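Participant: Each chain, written out:
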Amino acid sequence: RKEVEQDPGPFNVPEGATVAFNCTYSNSASQSFFWYRQDCRKEPKLLMSVYSSGNEDGRFTAQLNRASQYISLLIRDSKLSDSATYLCVVNEAGRRALTFGSGTRLQVQP
Amino acid sequence: GAGVSQTPSNKVTEKGKYVELRCDPISGHTALYWYRQSLGQGPEFLIYFQGTGAADDSGLPNDRFFAVRPEGSVSTLKIQRTERGDSAVYLCASGFRLSANTGELFFGEGSRLTVL
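These protein sequence lines are chains C and H, in that order. Quick note: the first sequence uses our numbering, first residue 77, plus one each step. Quick note: the second sequence uses our numbering, first residue 3, plus one each step.
Errors might be hidden in some of the hints.
The calculated lysine-lysine pairs, modelled on DSBU-like cross-linking and capped at a C-alpha distance of 35 angstroms, are [as the list claims (entries may be wrong)]:
1) Lys-121(C) / Lys-155(C)
2) Lys-155(C) / Lys-17(H)
3) Lys-118(C) / Lys-80(H)
4) Lys-17(H) / Lys-80(H)
5) Lys-19(H) / Lys-121(C)
6) Lys-13(H) / Lys-80(H)
7) Lys-78(C) / Lys-121(C)
8) Lys-155(C) / Lys-118(C)
9) Lys-78(C) / Lys-80(H)
10) Lys-17(H) / Lys-78(C)
11) Lys-80(H) / Lys-121(C)
12) Lys-13(H) / Lys-78(C)
13) Lys-118(C) / Lys-78(C)
14) Lys-121(C) / Lys-13(H)
15) Lys-118(C) / Lys-13(H)
16) Lys-17(H) / Lys-121(C)
17) Lys-78(C) / Lys-155(C)
18) Lys-155(C) / Lys-80(H)
19) Lys-80(H) / Lys-19(H)
20) Lys-118(C) / Lys-17(H)
Anything over 12 angstroms on all C-beta distances counts as not near chain H; from chain C, calculated [what the hints assert, rightly or not]:
21) Pro-84
22) Ala-96
23) Lys-121
24) Ala-173
Since the hints were derived computationally from the structure, they do not count as laboratory data. Quick caveat: nothing in here was measured; it's all calculated off a predicted structure. Built from N, CA and C at the ideal position, the CB exists for glycine as well.
Generate the whole structure from the sequences, applying the supplied hints.
Facilitator: Set out below in structure tokens:
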């Protein structure tokens, strides 16, 4: 079983739509969580951290459910520029490396 | 430049050859990571340096892979006797020490390795 699992997509949505991605992680000792964004043939970049109480950054909302070992990302009012792969990322307790999921591809269409 | 710099950006080699990939991290970043990414997959951890020492090399797939960071800045990933399965994008990232609240790694654009 992979440490971090995501639906690969693609998610094809029209501009203005709301879309949600989910991610599950296997190690209950994981202590911090993030979403990274990766554009086609580009390097990954941090989108946002995910806090236990949930957090919002503009049109983006991240949620964490430790009991279910589940992380989500909600994007409201999708823009064409949101088209990218969204990587769910976990930092396990005691490790200094980030573990990445395979990513969920989003395609926002005009 | 201010970002993580990786060279070469592309490397084509033949099976069995030796390859070196170089990473120049952001100045002042103490942590340096090597990941590799295959098509359709997320980055896969290889090795982590804190300063000059390899603090975690648990991701190196076998003893053909080795990395150094002799002066705590530039790092070189070395691959011996390359195999076709080594073909991937090798990503270098730098940052400060990871904590529960700080998960930002700054990635370079990667070195695309193709083994024929």
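Participant: Hints numbered earlier in the text: which of these fail when held up against the supplied structure?
Facilitator: Hints 2, 18, 21, 23 and 24 contradicted; others consistent.
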